[in-house]
Every structure is written in C-alpha cells, then in structure tokens.
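Can you build the whole structure from these sequences, using the hints too?
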Amino acid sequence: MHIGFTLAVAVTAVAGLLAVGRANALHALLYLVVALLAQAPLIYLLGAPFAAAIQAILYAGAIVVLFVFVIMLLNRPGPEADGEGRREARRWLLPALLGAALFVEAALLLAGLALPVAGTVTVKALGADLFGPYRVAVEGASLLLLAGLAAAWHLARGEP
Amino acid sequence: MIPPPSVALLLSVFLVAAGLAGLLARRNLVFLLVALELMFSGAALAFVAAAARWGQSDGQVMFLLVVTVAGTEAALALAFLLRIERLAGTLDSEAQRELRG
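If you read the sequences in order, they're chains Y and E.
Residue numbers for the first sequence follow the working numbering, so the first one is 132 and each next one is one higher.
Residue numbers for the second sequence follow the working numbering, so the first one is 16 and each next one is one higher.
In case anyone wonders, no lab produced these hints; they're calculated from the structure.
Worth double-checking, as some hints may not be accurate.
What follows is a set of in silico ranges between Cβ atoms, one per label pair, in the way DEER data are often shown [stated by the list, open to error]:
| # | chain 1 | residue 1 | chain 2 | residue 2 | range |
| --- | --- | --- | --- | --- | --- |
| 1 | Y | V235 | E | L39 | 30 to 38 Å |
| 2 | E | V28 | Y | G152 | 17 to 25 Å |
| 3 | Y | A256 | E | L97 | 38 to 46 Å |
| 4 | E | E113 | Y | G258 | 48 to 56 Å |
| 5 | Y | L197 | E | A32 | 36 to 44 Å |
| 6 | E | L39 | Y | E219 | 28 to 36 Å |
| 7 | Y | G258 | E | R101 | 37 to 45 Å |
| 8 | Y | P264 | E | R112 | 42 to 50 Å |
| 9 | Y | A287 | E | A32 | 27 to 35 Å |
| 10 | Y | E270 | E | P18 | 45 to 53 Å |
| 11 | E | L97 | Y | A141 | 46 to 54 Å |
| 12 | E | R112 | Y | M203 | 40 to 48 Å |
| 13 | E | V28 | Y | L274 | 25 to 33 Å |
| 14 | Y | R222 | E | R42 | 18 to 26 Å |
To be clear about the criterion: a stretch of chain Y counts as covered by chain E if any three or more of its residues have a C-beta under 8 Å from a C-beta of chain E, and this derived list gives those stretches [stated by the list, open to error]:
| # | region |
| --- | --- |
| 15 | 137 to 146 |
| 16 | 153 to 162 |
| 17 | 170 to 182 |
| 18 | 192 to 202 |
| 19 | 229 to 239 |
| 20 | 256 to 264 |
All values reported here derive from a predicted model rather than from experimental measurement.
All residues carry an ideal CB built from backbone N, CA and C; glycine is no exception.
Written as structure tokens, this is what we have:
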C-alpha cells in the first residue's frame, strides 16, 4: 500500500475528526473541506478519476461553500469570536500539516509516483452506464434536484 | 497486507462513525449538519471502494447519485436552518423540543 494512499487516508481521518470536534463553526467547516478534498485523491487512486473530480468540484467546492455562505448569513457571534489569535504560530501547526500533506499528495499524483491501486474505470464507460442501464436513476436524480430547487425557493420566500 | 479497497471501506466506516459521534455530541444545528455531511461522504466513499473491489463502474454511478442527494439535502437543510434561526432566535437543537401546531 503506497504512500499516496496512506497519506490520503490519514488526512481524511484526521480532518474528519477535527471537523466534528471544533468549537468554531467556520473552523469545523474548513476542516470538513480538507476532509472532503483529501478524499478526492483517494477516490482517484481507487480507479475513479471522474468521481474524484466530482468529489472535489461538487462536494468540497459547492456544498461546503454553500455551508460557509449560510454561516456568514447568520449574523450571530456564537461562542468563538476569534480575532486576535491567528498570529500565534501554534495555531498554524495543524492546518499547515494538513495543507502540506495535501500538497505532497498532489505532487505525488502529478509526478506519477502514486499510481491507481485498482483498475481505472474510464469516463466513457461511466457515461455508457449512465445513459444505458441507469438512465432511470439519472432522471430520478434530476427530479430530486427539481424538487429540492422548488422546496428551497419556497422556504426562502417565506415571511421576512 | 490489507487490500486498498478494504482500507478505503474501513475509512468510510470511520467517517460514518465519526459523523455519528459528532451528530450525537453536538447541539448547535450547524455542527449537526457538518456531521451529516461527513457521514454522507463516508457512504459515498464506500460505493467507490466497492467499485474498485469489483472493477465495475456501477459503484461510481451510485457515488454520483449519493453526491446529488447530499447536495440537495445540504441545500434544504440550510434553508431550514435559516428559517429556524429566524423563528426561534437560536440554533440550539435542544431549544426545539416540542412540535407545535
């Protein structure tokens, strides 16, 4: 089991634990971003490049960003109120470690030193599956998204 | 040595367990949703690990569907969060004890 795989697993596990353990909401969300992003190279190494891209773009890039926007919309101070603490070097240790681990992971993947541990399923095969046996599921997913859209619009237009 | 898809499956179980622990331990609604998202990602990872184990793309199709459901759930949960915060004035899940009217 090579270093790329182990690193991705470790970063995901550590960031996942931190995401549910922090007191500051934004810290928890950012550790969630790290956990979700660290799953992307893991998914790539499991032979699913398209799924890895979707994980990075949709999960870490859209869903958690939505969380961050909503947190910032809630205009309540909460139990954290950070402010002056960010200049202490000690606070940078763990995020720097996680960021460095992700960077090393990306460098390993780009340099070709970490190869997929399972056979890569091509995007073409995945597309053939989606347009073939699973087209009903795709239509169902689009119906779900439409329902979610309608519900979110309805919830958002309520009384101010 | 444990094969990599099994290690990924172990990690997905760990993520679901960590998310469950966070779901049970936290009171603020925001942290509950964060823990829920972690559990979703663990479940999605399990499907990809299974796809790697059998060399088929069906697990990746399920991964896409899980991400879709997770996104929809996150959007609606956050919309509810905003409404609850406006109506109840707090994000404490313990404050919402009774179903009224």
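Against the structure, the hints come out as follows:
no.: 1; hint: Y:V235 to E:L39: 30 to 38 Å; verdict: holds, 34 Å
no.: 2; hint: E:V28 to Y:G152: 17 to 25 Å; verdict: holds, 18 Å
no.: 3; hint: Y:A256 to E:L97: 38 to 46 Å; verdict: holds, 41 Å
no.: 4; hint: E:E113 to Y:G258: 48 to 56 Å; verdict: holds, 50 Å
no.: 5; hint: Y:L197 to E:A32: 36 to 44 Å; verdict: violated, 25 Å
no.: 6; hint: E:L39 to Y:E219: 28 to 36 Å; verdict: holds, 32 Å
no.: 7; hint: Y:G258 to E:R101: 37 to 45 Å; verdict: holds, 43 Å
no.: 8; hint: Y:P264 to E:R112: 42 to 50 Å; verdict: holds, 47 Å
no.: 9; hint: Y:A287 to E:A32: 27 to 35 Å; verdict: holds, 34 Å
no.: 10; hint: Y:E270 to E:P18: 45 to 53 Å; verdict: violated, 35 Å
no.: 11; hint: E:L97 to Y:A141: 46 to 54 Å; verdict: violated, 35 Å
no.: 12; hint: E:R112 to Y:M203: 40 to 48 Å; verdict: violated, 28 Å
no.: 13; hint: E:V28 to Y:L274: 25 to 33 Å; verdict: holds, 31 Å
no.: 14; hint: Y:R222 to E:R42: 18 to 26 Å; verdict: holds, 25 Å
no.: 15; hint: 137 to 146; verdict: holds (count 3)
no.: 16; hint: 153 to 162; verdict: holds (count 3)
no.: 17; hint: 170 to 182; verdict: holds (count 9)
no.: 18; hint: 192 to 202; verdict: holds (count 7)
no.: 19; hint: 229 to 239; verdict: violated (count 0)
no.: 20; hint: 256 to 264; verdict: holds (count 4)
Hint compliance for this structure: hints 5, 10, 11, 12 and 19 are not met, and every other hint is.
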